[in-house]
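Chemist: Turn these sequences into a full structure, and let the hints guide you.
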Amino acid sequence: MIFGGDVGWNEIESMSGLMKGVGRYGNDALQLVSSTQGANDSTDLLLTFDGSEMRDSTGHYEVASNGLLQTKDAVRGKGAAVSRGDFHGIILKGDRSSIFGGTGKIGSFTMEFWLSPSLAENGEIVFNWRSSLNSKNYSKYQMISATFFSNHLRWKFSNIFSDFEMDEVVLDGITTVVPKRWSRHTLSFDEETGALEYRVDGRLEAIQYITETGHENGTVCEPNLGVAAKIEICPQYTGKIDNFRIDRFVKNSEGDCISSGNEKFKIDGGKFTTKPLLVSHSASLDEIIADMNLPPQTEVRFFVRSGDNCYEWEENYPAWKEVVPGEKILGVSGLYFQLSVELLPDGGGDHTPLVSEITLSYTEQDDPLPPFMVFAEPGDGCVRLSWSGSVDKNAGGYYVYYGNRPGEYLGVAAFEGASPIKVGEKTSITLRGLKNGTIYYFAVSSYSRFDSRISGELSKEVYARPSARLSRME
Numbered sequence: 019m020i021f022g023g024d025v026g027w028n029e030i031e032s033m034s035g036l037m038k039g040v041g042r043y044g045n046d047a048l049q050l051v052s053s054t055q056g057a058n059d060s061t062d063l064l065l066t067f068d069g070s071e072m073r074d075s076t077g078h079y080e081v082a083s084n085g086l087l088q089t090k091d092a093v094r095g096k097g098a099a100v101s102r103g104d105f106h107g108i109i110l111k112g113d114r115s116s117i118f119g120g121t122g123k124i125g126s127f128t129m130e131f132w133l134s135p136s137l138a139e140n141g142e143i144v145f146n147w148r149s150s151l152n153s154k155n156y157s158k159y160q161m162i163s164a165t166f167f168s169n170h171l172r173w174k175f176s177n178i179f180s181d182f183e184m185d186e187v188v189l190d191g192i193t194t195v196v197p198k199r200w201s202r203h204t205l206s207f208d209e210e211t212g213a214l215e216y217r218v219d220g221r222l223e224a225i226q227y228i229t230e231t232g233h234e235n236g237t238v239c240e241p242n243l244g245v246a247a248k249i250e251i252c253p254q255y256t257g258k259i260d261n262f263r264i265d266r267f268v269k270n271s272e273g274d275c276i277s278s279g280n281e282k283f284k285i286d287g288g289k290f291t292t293k294p295l296l297v298s299h300s301a302s303l304d305e306i307i308a309d310m311n312l313p314p315q316t317e318v319r320f321f322v323r324s325g326d327n328c329y330e331w332e333e334n335y336p337a338w339k340e341v342v343p344g345e346k347i348l349g350v351s352g353l354y355f356q357l358s359v360e361l362l363p364d365g366g367g368d369h370t371p372l373v374s375e376i377t378l379s380y381t382e383q384d385d386p387l388p389p390f391m392v393f394a395e396p397g398d399g400c401v402r403l404s405w406s407g408s409v410d411k412n413a414g415g416y417y418v419y420y421g422n423r424p425g426e427y428l429g430v431a432a433f434e435g436a437s438p439i440k441v442g443e444k445t446s447i448t449l450r451g452l453k454n455g456t457i458y459y460f461a462v463s464s465y466s467r468f469d470s471r472i473s474g475e476l477s478k479e480v481y482a483r484p485s486a487r488l489s490r491m492e
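In the working numbering, the protein residues as written are 19 to 492.
One or more hints might be untrue.
Quick list of in silico lysine-lysine cross-link-like pairs, DSBU-like style, CA-CA up to 35 Å [as the list claims (entries may be wrong)]: (1) 284 with 38; (2) 346 with 284; (3) 289 with 198.
Since the hints were made in silico from the structure, they are not lab data.
Modeler: Quick look at the structure:
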């Protein structure tokens, strides 16, 4: 029985603290969700989408209008937002202390968010700010935008770096943004070096030095914003967005906040549990095999339980048993198995384990062999059946089948009960209450000593016709 890999994770009953990442051969794997970093003194805007109300956690921006919906399918924290494309996203108005609510030079900044687009079509807009700047007695149109072009995100800056007559600066991503898969997008400007960088999942996509020389060494031109104007997030975009934030500092090459010590992943980890898994016969669980990526100090723990009836199971009943992948499992058997898996980060919360595929190996009980010979002796209103015991050591008892047609064992007339009749370990039985003159057909099967619900093949069919002239059997 396989989970993950090519077959996917459809048998999961519950999951918390986990998200889907990229596993072996590009298939979905499970990893820890990224921890939502809170606002600090340098945070200009933070939309976590975790609470019942969509609002800026810093208090610097107020929501002017909102067309986003909330979803629990988040990559960070407990919630994310869904944009439907033609509902204008969310529009925010900043106060004078904010980057886009004030005017003038803004220095270093980092803008970061997570995207899971539905289509990533050309022209879809994720971020947009439009205003004007008065310079040398005339007005210049200003814009900052992030727009999809050929499944890549393109950043465009119009008249933002006007001191050096840089009318337009464009940063094009090189990584294809895959629909319905989360990716992290980070835009940053460093007022010390003039580096304007765009990264996807921490990988550098594009960089341009906003300096007098166009290189790392040279006088830096800072972003200069004109008239305060509202910002639009997802004004023309279809898909999910999570953890949109703007900070007044630069992030390092891995996309981590230099001034923030918050962990990437929650220290308490995450967990998923499968549905109760029905096997065709009672079986013994032998081994678990897991395809995983375990960075140093991370861990994945596996727990299993089993039983013949899952309808009365509770959270901790039957008891869970911890097992180790690759080691022999003892004492876990039944018609149902259930698997629970915990993923734990390293102590600093910097790394997550990743589970690509899990295989459960189990052994089903074989069908017990039927009796080799069966005999039927008619009597007055009854038939006495006897048979040789099964040579199968796994046979625990027998079922007797009877009926009025060959191969159709639907009888209900016998005082001993309707077909099939469970007779236990006995090798004979007399069926009474049968109709004289009517022919009856009989067969016997063995059932497993491990589970009486497991019945093997039927024996060779025999028949008999009760008659009043025959002496009644005792």
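Chemist: Now tell me if each hint is right for this structure.
Modeler: Results for each hint:
At most 35 Å may separate the alpha-carbon atoms for a hinted pair to count; residue 284 and residue 38 meet this at roughly 16 Å. Restraint check: the Cα-Cα separation between residue 346 and residue 284 comes to about 32 Å, which is no more than 35 Å; the hinted pair holds. Restraint check for residue 289 and residue 198: satisfied, since their Cα atoms lie roughly 22 Å apart, inside the 35 Å limit.
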